[in-house]
Amino acid sequence: MANFFPKWTNWLPLKLVICVGAVVTAIAGGLTYYFTPKYTRVGYEPTQPVPFSHVIHVQQLGMDCRYCHSFVEVASHSNVPTTQTCMACHTQIKANSPKLAAVRESWKTGQPVNWVRIHKVPDYTYFNHAVHVNRGVSCYSCHGAINEMKVVYQHEPQSMSWCLDCHRAPENHLRPPSEIYNMAWKPPTDTTQREIGLKFKEEWEVNPPVTCGGCHR
Amino acid sequence: MKKNLNHPAPEQNPRIWRSLRERENDPEFLKHLQTEFPRGADVYEDSGLSKRDFMKLMGASIALAGVGLAGCRRPESYLVPFTKGVEFAIPGKFLYYATSMPARYGAVPLIATTSDGRPTKLEGNPLHPFSNGGTDSFAQAEILNLYDPHRSKQITEKGKASDAAAFDTFIQGIANGNGDGLAILAEPKNSPTRDRLRAVLEARFPKLIWAEYDPLAPAATAEANEASFGPNIRLVPDFKRADIVLAIGSDFLNPIETGIGFAQGFAARRNPDQGGAPMNRLYAVENHYTVTGGMADHRLRCRASELGEFTRQLALVLAAQINDTNLASVAKAFPESKAAINADWVKECAADLAANAGRSIVLAGPLTSAPLQTLVNAINSALGNIGTTLKAVKTDSRDAASIEDLAVAINKGGVTNLFLLGVNPAQNAPANLDFASLLAKVPNTVHLGLFEDETAKACRWHVPAAHFLESWGDVRTFDGTYTSVQPMILPLWNGVSELEILNKLTGSPSPVGPALVRASFNKVSKDSSDEAWNAFLRDGFLPNSSFAPTQVSLNASSAAALAKKAQPAKADALELVFLQSSSVDDGRYANNSWLLETPDFVTKLTWDNAVLVSPATAKKLGIKANNFNILGDIAEKLDNEVDYDLVADIVEISDGKKTIEAAAIVAPGHADDSLSIALGFGRKGVSALMDGVGFDAYPLRTSDAMFALSGVTLKVTNRDYPLAQTQEHKSMEGRDLVREGTLERYEKDHAFAQSMGMDSHIPPNISLYTHPTLTSKEQWGMTVDLNTCTGCNACVVACQAENNVPVVGKDQVRKNRDMAWIRLDRYFAGEADDPEMLSQAIMCQHCENAPCETVCPVNATVHSEDGLNLMAYNRCIGTRYCANNCPWKVRRFNYFDYNQRPIDQLYWGPLAKKGMADSLKMSKNPNVTVRMRGVMEKCTFCIQRIEESKISRLVEAGASPSSETPIAPFKVACQQACPNDSLVFGDIANPKSTVSHLRKDPRGYVMFKYLNTTPRVTYLARIKNPNPKMPGADHVGMANGTGHHGAGHGEGHDSHGEAHDSHNAQPPQGDTHAPAGH
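Chains as they are written, first to last, in our numbering: chain A, 42 to 258; chain B, 3 to 1080.
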């Protein structure tokens, strides 16, 4: 009896296993890459040219966010402080600290400090800081407990669905205007965030855009 | 009953047409129209890429993408703050400064938008007394000129790189000398600082020759005014008081010719509903169609060389009618020439002027001869217009030598050091001077210019000039208002300004900041305090600083003496008229791709100029252009392959000594036996963009024929030249898109425009689709007033600057892939020889029931709650279904990565150079996405400005109800640029807003009303105000016919039911455009 299966079929099971294995690995790899927080860079914590610590400045010294990020209430962009802002204090305090060498260098040469950018929305997305902080959204909602970060890292995925979660239900994040820059604020014990949020949402007519044009121009 | 509502079938012989081929109703052309992108579809067939090859390639790309997965990581990016805080600068927020652009007629007052220290947009200054807040297309395109990477960056001596120190030594040598043989050639400019420095120089060097030259300068106007009224007299028109305007060879409604502010008041008087005054009437006499001619109620085609004869006849008739001996004496001094001028036209026009004496304006074009302008002055004087509608002012301008005087001095050997400040005579001086070889006779020539142009190459020194946005300066506008020129940015490439060079020549140390201008300001202004200076800079002008009005009367004898010098027209001779180009002006914008791609007002020609010739003359001369129903000939020429691109004949035009070549196109409405060509094209070896673009007409332009050259001969060659016109694609198909009527008809029925065509009998529409929920308090909408829109292109370039609209190049425009978000459709109506012209601005109509939205498979185009049709670029996958389903054809597709790839390498794929010049990146509006290949885009109603305004309101509201804070007023880019306020944008839900007011205007109509797309753009029908006694008056304002159904629809439908039956009987041509909802 002639061979029913030609000879090349001997290797077929192995080939199949390898192929299927490759496909499964590719799919698993893709999923791990694109569907886990790694893709949205949650936890991204690059080394900065100056080891600036928010813990010292905010937590220990009690500085307000707006001392350095001075235009957050008026501009779309929350500015990173100028070298001048740093030097306002550091000509006297820790004036010779080796950690501040890059700042002093910048002050001397006029070349800016290149801070590594952590939070970045795509170029086709236009996020506006001013409108958020003036309408009851705290820094905390998007950046996490910055005051406890020795080195700043990305706390939230800042993906489109994450944005929309809040735009569809802003009550989960609205706070009294006085507490916007208070990273440690918790709703008073007799009420919940949702209750406070709903109250402000109604009072201030908070109606965040959920159409494309709100962010994409 | 099945509802079957179709487009009306196109007429056999449409009254309104866009191109001659459409008018001829050529069946092949109609077939050509049916395709959405006539040349686009066959690209893949052309490339020989089969589906199988395509799959292979795709597979390879996917594999590559897999390998490069790690490369998908976001690259590290940086936040770079200032080292020291900059005054006023807030990162991410615009700063606005008042400045102005010096221009031929004074200046365009501007507000510059700067973003993080970069000027990114220029807008008109609405506070300036001699501006209505608009701009022209050139001012809008200056942003690109500023950041043009081809600007000159290096001081050169004899073509070799030099440096500032060497040049300083050289100029110091001259400054310390005795000034013998020193000459300066500059552009005419009314700048007090320059005049002051000139006076200093003249005191220091008494033999200095100060010459001024601009190829399009109104030199004859000054001469005529001096002869008529005395030295330094200028006539500033007041169109608010003019009932009748006659324009002779003048395109005064076009801001590029007369400057912004000149025609202000005209548009307000064009309104048929203005209180207390009649609608004005405009007569135009011209050889080629201008935007003024398009606006005119009565237009007379007249050869440029016969304009004098027309004016003479008009003056004689007028003089007889109003018994004015002064006018009669000047008119009789004007030599008669044989010309067939329509005597009835002249008679009735004169009668109308006489009846409105003191309430009329007669204008002559800036390039018309001095005798003609003198005669016009005499007419205005006889009509009592001087002092009423034409304010005479005494200017402070000083006499300068002409370029001819300078040439004589050079030939005598009297010039050793010649400074050429911002001029390019080697390209544009009268050909008889042969200026390039004159330059060789001068030992030391210094050229200051933005580009290394023809003159730079012929000079010993070339110094990069500072752009007006990089330098301090001052200028007077046409009425004399003292206006500031402020720098917005440090010179990008170390350019120096004309003032700095002059200052160096005086031997003074370099000025610090605005010191030179401040010194002039202290002289001009009564108050020289810092507060006054700061107010001057903040507002951009010094209030009440215009030239003082003065009483003038006609000096009949000197006027007659000048009138006598007029050249009689040569009978039956072919003439060549030189025009200002809508794209490159006199050639100075040769490297500006925004302007080159903006279609000409009338010909809709991009990236080229061409000889314009009337249909009759084209026939006579044998010019075969395939837009003139000679498809057969073209087919023969191209081996029986009919190519629907516009391929024009190349013709040779000769004055007997010199010959130029140019492509010829047939221009409806052009005067017979006359040729027109725009100047400034055809420059070679100078500009990266301009090589092989257009045809140079300067070789035929001589000192005695700066406007028109009579007695040329034309020979048709057997060569062809491809042209890129944007008009032929897209047709109205008899649908009454653009509507007009006469004042008489309007007064009988204010709402006549609302019942034209199909609109008179639309059954109640129902939509299959759900209407979007429009919950927002604000609802955005726009109105376009066809009555005041001249079609001047300012909005088109403004939109390009605001919205980062890319340039695609001639080749792509020929494939109908132009990207302009707002286009000006130009229609002709009536006979090909002498039609009416209509212009209509078309942008995305933001339909409430948008047909594009229903066909998008990925929801990339959706509706917002404030009524905007949104386009999410990052969602778009490029199916182009939306563009197919758009009845207005306003959607634009990025076939290539126009922003990243050079336009001559688009087809090289990945091999093309990638990236944008750094300086061009700086020109982009940071608030608008720069689109990539493969996405659709279209007018967004300037959503970035809408959102900015909404956000500002919310920021202001803070912890209070947002509805209690009003939204700050803002204008969209096209609206801001419009010199006539024809475009009005705003909140239609607010009953008090201008736009909701205008939407209720009885002239208002929407296009394709029967499609039930409910557009947010309302057009206000054009009203013409013909003089019933004029010849041809019965054809004026009849583009849509006379009856209530309109010509596009046919007459005699009594009932609606019948009407529909008749439509069903005729299979409609435009069926493919109807949205699926029907």
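Since the hints were derived computationally from the structure, they do not count as laboratory data.
Here the structure is a predicted model, which is why all the values come from computation and not from measurement.
Watch out, some of these pointers could steer you wrong.
As the list claims (entries may be wrong) - Below, simulated DSS-like cross-link-like pairs (lysine-lysine); rule was C-alpha separation at most 25 angstroms, straight line:
1) B:Lys-160 x A:Lys-161
2) B:Lys-717 x B:Lys-622
3) B:Lys-86 x A:Lys-135
4) A:Lys-140 x B:Lys-86
5) B:Lys-95 x B:Lys-923
6) A:Lys-149 x B:Lys-572
7) B:Lys-891 x B:Lys-1011
8) B:Lys-443 x A:Lys-240
9) B:Lys-572 x B:Lys-621
10) A:Lys-161 x B:Lys-923
11) B:Lys-396 x B:Lys-414
12) B:Lys-95 x A:Lys-161
13) B:Lys-162 x A:Lys-161
14) B:Lys-209 x B:Lys-572
15) B:Lys-779 x A:Lys-242
16) B:Lys-414 x B:Lys-162
17) B:Lys-349 x B:Lys-209
18) B:Lys-160 x B:Lys-572
19) B:Lys-162 x B:Lys-506
20) B:Lys-162 x B:Lys-525
21) B:Lys-750 x B:Lys-1031
Evaluation of the provided hints:
Note on Lys-160 of chain B and Lys-161 of chain A: the hinted pairing is violated, with a Cα-Cα distance of about 50 angstroms set against a maximum of 25 angstroms. Pair hint Lys-717 of chain B plus Lys-622 of chain B holds up; C-alpha atoms about 12 angstroms apart against a cutoff of 25 angstroms. Restraint check for Lys-86 of chain B and Lys-135 of chain A: the C-alpha separation of about 20 angstroms stays at or below 25 angstroms, so the hint holds. Proposed proximity of Lys-140 of chain A and Lys-86 of chain B is supported: the alpha carbons are some 20 angstroms apart, at most 25 angstroms.
The suggested pairing of Lys-95 of chain B with Lys-923 of chain B holds, with an alpha-carbon distance near 18 angstroms, which does not exceed 25 angstroms. The straight-line distance between the Cα atoms of Lys-149 of chain A and Lys-572 of chain B is roughly 76 angstroms, outside the 25 angstroms bound, and the hint therefore fails. Between Lys-891 of chain B and Lys-1011 of chain B, the direct Cα distance comes to roughly 16 angstroms. Compliance with the 25 angstroms bound is thereby established for this hinted pair. Taking the CA atoms of Lys-443 of chain B and Lys-240 of chain A, the gap is near 85 angstroms; set against the 25 angstroms cutoff, the hint is violated.
For the suggested pair Lys-572 of chain B and Lys-621 of chain B, the alpha carbons sit about 21 angstroms apart, so the restraint of at most 25 angstroms is met. A hinted pair counts as satisfied when its Cα atoms are at most 25 angstroms apart, and Lys-161 of chain A with Lys-923 of chain B qualifies at roughly 20 angstroms. Proposed proximity of Lys-396 of chain B and Lys-414 of chain B is contradicted: the alpha carbons are some 35 angstroms apart, above 25 angstroms. Taking the CA atoms of Lys-95 of chain B and Lys-161 of chain A, the gap is about 18 angstroms. The hint holds against a cut of 25 angstroms.
Under the criterion of a C-alpha separation no larger than 25 angstroms, the hint pairing Lys-162 of chain B with Lys-161 of chain A is inconsistent with the structure, at around 46 angstroms. Restraint check: the Cα-Cα separation between Lys-209 of chain B and Lys-572 of chain B comes to about 42 angstroms, which exceeds 25 angstroms; the hinted pair is violated. The hinted pair formed by Lys-779 of chain B and Lys-242 of chain A meets the criterion: a straight-line CA distance of about 17 angstroms does not exceed 25 angstroms. Proximity of Lys-414 of chain B to Lys-162 of chain B is assessed by CA-CA distance (about 29 angstroms); at most 25 angstroms being required, the pair is judged violated.
Using a Cα cut-off of 25 angstroms, the hinted pair Lys-349 of chain B and Lys-209 of chain B is violated, with the two alpha carbons roughly 53 angstroms apart. Distance check on the hinted pair: Lys-160 of chain B and Lys-572 of chain B sit about 46 angstroms apart at the alpha-carbon level, beyond 25 angstroms; violated. Proximity of Lys-162 of chain B to Lys-506 of chain B is assessed by CA-CA distance (about 23 angstroms); at most 25 angstroms being required, the pair is judged to hold. Annotation: proposed proximity of Lys-162 of chain B to Lys-525 of chain B is violated, straight-line Cα distance about 42 angstroms (limit 25 angstroms).
A C-alpha spacing of about 19 angstroms is found between Lys-750 of chain B and Lys-1031 of chain B, which places the hinted pair at or below 25 angstroms, so the restraint holds.
In the structure shown, a violation is registered for the earlier hints numbered 1, 6, 8, 11, 13, 14, 16, 17, 18, 20, in ascending order.
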